[in-house]
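> Single-letter residue listing:
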Amino acid sequence: MKRVLILTGTVAAIAFGGAIAQDKQLTIVSWGGAYSKSQIEAYHKPYTEKTGVEILNEDKSANALAGIRAQVEAGNVTWDVVDMLQADAQRACDEGLVMEVPHDEWLKAAPDGTPASKDFIEGTLGPCFIPQILYATMFAYNTEAFPDGGPQTVVDVWDVEKFPGTRALQQIPQKNLEWALLADGVETDKVYEVLATEEGQDRAFAKLDEIKDNVIWWSEGAQPPQMLADKEAVIATAYNGRIFNAQVNEDQPFEIMWDHQMFETDGWVVPVDTGNLDTIKDYLAFATDTQRLADQAKYISYGPARKSSAPLVGMLEGTDIDMKPHMPTNPKNLETAIPFDVQFWADYGDALEERFNAWVAG
Amino acid sequence: MASSRKTSRAPILAADGTPLKQALHRSQRAERRRAFALVAPLLFFLLIVFVVPILAMIWRSVYNPEIRGYLPQTAAALQEWDGEDVPPEPVFQAMAADMIVGIENRTIGRAAARINREIPGARSTVMRTARKVDGWSAPYREKFLDADGDWANLELWHILKRESRLLTPTYYLLAVDYEYNSKGEIAPRPEIYQVYTGLFFRTAWMSILITLICVVLAYPISYMLATQPTRIANLLLILVLLPFWTSLLVRTSAWIVLLQQQGVINELLVAVGVIGDDGRLRMIYNRTGTIVAMTHILLPFMVLPLYSVMKTIPPSYLRAAKSLGAHPFRAWWRVYFPLTVPGLAAGCILVFILAIGYYITPALVGGDSGIFISNLIAQNMQGSSAQLKLAAALATILLVAVLIVYWVFNKLVGVDRLKFG
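Residue numbers (full-length UniProt numbering), protein chains in the order written: chain A, 1 to 362; chain X, 1 to 421.
Honestly, the hints are just simulated from the structure, not real lab data. Watch out, some of these pointers could steer you wrong.
What the hints assert, rightly or not - Here are the simulated EDC-like pairs of lysine to aspartate or glutamate, each with C-alpha atoms no more than 16 Å apart in a straight line:
| # | chain 1 | residue 1 | chain 2 | residue 2 |
| --- | --- | --- | --- | --- |
| 1 | A | K108 | A | D278 |
| 2 | A | K108 | A | D282 |
| 3 | A | K231 | X | D277 |
| 4 | A | K212 | X | D368 |
| 5 | A | K281 | A | E54 |
| 6 | A | K231 | X | D278 |
| 7 | A | K175 | A | E187 |
| 8 | A | K24 | A | E54 |
| 9 | A | K231 | X | E267 |
| 10 | A | K298 | A | D320 |
| 11 | A | K281 | A | E100 |
Stated by the list, open to error - Which residues of chain A face chain X? A few of them, derived with a C-beta cut under 8 Å, are:
| # | residue |
| --- | --- |
| 12 | D94 |
| 13 | I216 |
| 14 | D230 |
| 15 | K231 |
| 16 | E232 |
| 17 | D347 |
| 18 | Y348 |
| 19 | D350 |
| 20 | A351 |
| 21 | E354 |
| 22 | R355 |
| 23 | A358 |
| 24 | A361 |
| 25 | G362 |
Predicted model only: the values in this text are computed from it and were never measured. For glycine and all other residues, C-beta sits at the position ideal for the given N, C-alpha and C.
Bound-form chain A, shown alone:
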């Protein structure tokens, strides 16, 4: 076992170009694409300018949990700060892979003096987790496919008679099962309660069966806008930032259906045993202050996790598009929203993923 770990460690070290932690250097792991770009513009560039600390980006967040596990087990942690989903952060925290964060000690208070722990939106802070953004996964459609008006509710998505065409869904059980139950008439606040029972799970899969023949699956966030643009699918689940990007930058005729959007938090964790904690703390304090979080929304349509940042959100950089209505946190978009239940999926994820994989392949 030890040998494996040393080996993985060595391979990792080579792969990461020997990015040995120095005082003047931080290795930051994130999601890549438009999302990393927004972080570089809003956080990294101003920070490097201010302190001279060089920031190395790695686009490995999709497998961040497995990566941290391997690095910590090998005793060779090369990542300083890692961007991950709250659910993964909770697991990493439980497994002792990431540091516990005293939020008020590390992070800056809001401009009006509200301490950090009160300024972040309720339920987003975790013992090891510093939230940055809220993002939504929801349905979107190509308006060209529906000249008489597209689907408005999750129930419409299941109505293949009225809204014919292929649906593109993410190839994971998360969110799909919730929407299936909603389409089957379960009340919003009962969804997870029902999904925790075996009958509820059967019910969700049975509902998914109804549209299985009309479904194609995606796995990378960049796929659904592409599938909609190619009309390979007419309705797709997607991350709201990706659809916004396609609407604005590529002028695609897409419409977001905010009904029962599911929002989720993404943020920073710090792996245990990294070298330069002082620089990391300094960076995190800078990158998660009220102004910086609001700045990020200039580059991507994800909602800042601090309440005090919301009023500061302005226009999309270089345009006169007001970002506020495009935020998942915009009150109008939140009307029927469901908070993604991190705890539920930590408990039932293993079993439901297995069942889902079997269902998809079968």
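On the provided structure of chain A, position chain X as indicated by the hints.
Same frame as chain A, but now just chain X:
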């Protein structure tokens, strides 16, 4: 020489009186060392990047340290437990002690994750209780049972007892759709969870099908390549090799462009009027997509060995057979075909073994009905509920299957007869 043969009983001596064998051995030692030094880097490289990882993978698929490592006292205390009723106080006491250590070192989550693998929801039970346990004092049993009803679940304790062993076959059972039932017996998993056995078979038959299609397509092409004048043959060969040199991803994406519902072929068929606009064919993101794209990608591996063998068969053989009165088919079947078997066999084994472990093409064009076992291996290595050990077990089974195929093949055809080009 003549004299040495006469005295063959006595050892032959070198000039200095030592036996010749020894002297030769000594004088060649330096050379052998030098030769070994030349291959040593490759040997070392193979050991590091091939043998060690495979052994590590096999080790990983059975290694099961979580319960024993992170709940050591509980594991020890449970050995005494008869399994009939909720364990007695000493077990709970051990559990409490383990939890306090686990919270301190923040390793309790690793044990909780392991139990959650077996009982969905057990992670929360363990974590919630572990956070409270520090404030409790003996006796613990009642407090555990009050805190969470799940602690009265006998299955949980059976699993803890069973999985406190260091090596476990659990992941191999899962990999063939079996599991331990609540009584601790090995039983098939509920149907809704069964996926791997079916996928192993699907992977096998689709690989065989792809190999057969490759044979049917490659045989005439190779024959043409081998019999045309050099100038034309070279041109044709480039047509075969050009896609071979193109990136796998590019070729797969090209098939997506061609086959998708708004793609070239469908557009063409709609324009010509063969199908209606709402009757567009689904040729990708399903089994068809995988078979078409993989056949194309693997075709050169069939063409090249066939071509290299056919190139060496003198055309006069066929002419001779025909001039002796054989029907052209008979001449081909009795004379030409047997001579191409080494190339054909080499092509088949190459294509089949490459196909059975294929990952990227089925992932991109396979949709749900066209994915292979390797896609589920990859799926088990990614994401937040990565199950590396299950992935390792699946991969080991695949490896063994390939080795068996190779062994059978060797028995039937003989690997030394193969001609890879």
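> Next, verify each hint and record whether it holds.
To see whether the hints hold, each was checked on the structure:
As the CA atoms of A/K108 and A/D278 are separated by approximately 15 Å, the hinted pair is consistent with the 16 Å bound. For a cut-off of 16 Å, the pair hint linking A/K108 to A/D282 stands: about 10 Å separates their Cα positions. Distance restraint check for A/K231 and X/D277: the Cα-Cα separation of roughly 13 Å lies within the 16 Å cut-off, and the hinted pair is therefore satisfied. This hinted pair checks out: A/K212 and X/D368 have alpha carbons roughly 10 Å apart, not beyond 16 Å.
Taken as a hint, the A/K281 and A/E54 pair is honoured in the structure, with Cα atoms around 15 Å apart against an allowance of 16 Å. For the hint linking A/K231 to X/D278, the alpha-carbon distance of about 13 Å falls within 16 Å, and the restraint holds. Between A/K175 and A/E187, the direct Cα distance comes to roughly 15 Å. Compliance with the 16 Å bound is thereby established for this hinted pair. Note on A/K24 and A/E54: the hinted pairing holds, with a Cα-Cα distance of about 6 Å set against a maximum of 16 Å.
For the hint linking A/K231 to X/E267, the alpha-carbon distance of about 13 Å falls within 16 Å, and the restraint holds. In summary, the hint linking A/K298 to A/D320 is supported, as the alpha carbons are separated by about 11 Å, within the 16 Å threshold. Using a Cα cut-off of 16 Å, the hinted pair A/K281 and A/E100 holds, with the two alpha carbons roughly 12 Å apart. Evaluation of the A/D94 hint against chain X yields a held restraint, the C-beta minimum of about 3 Å falling below 8 Å.
Annotation: interface hint on A/I216 holds; nearest CB of chain X at approximately 5 Å, less than 8 Å. Interface hint at A/D230: satisfied, since its Cβ lies 5 Å from the closest Cβ of chain X, which is below the 8 Å cut-off. Satisfaction of the interface hint for A/K231 is found here, the shortest Cβ-Cβ separation to chain X being roughly 5 Å, below the 8 Å cut-off. At a threshold of 8 Å, the smallest CB-CB gap from A/E232 to chain X is about 6 Å, leaving the interface hint in force.
Interface restraint check: A/D347 against chain X, minimum CB-CB distance 4 Å, threshold 8 Å, status holds. The interface hint given for A/Y348 is met, as the beta carbon of that residue sits about 5 Å from the closest beta carbon of chain X, less than 8 Å. With a least beta-carbon distance of about 5 Å to chain X, the hint placing A/D350 at the interface is held under the 8 Å criterion. The interface hint given for A/A351 is met, as the beta carbon of that residue sits about 4 Å from the closest beta carbon of chain X, less than 8 Å.
Below 8 Å, beta-carbon pairs count as interface contacts, and A/E354 has one with chain X at about 5 Å; its hint therefore holds. Taking 8 Å as the C-beta cut-off, the interface hint given for A/R355 holds, the closest approach to chain X being about 5 Å. The beta carbon of A/A358 comes within 4 Å of a beta carbon in chain X, closer than 8 Å, and the hint placing it at the interface holds. A distance limit of 8 Å between C-beta atoms decides the matter here; for A/A361 the minimum to chain X is near 5 Å, and the interface restraint holds.
Hint on A/G362 holds. Least Cβ distance to chain X is approximately 7 Å, under the 8 Å limit.
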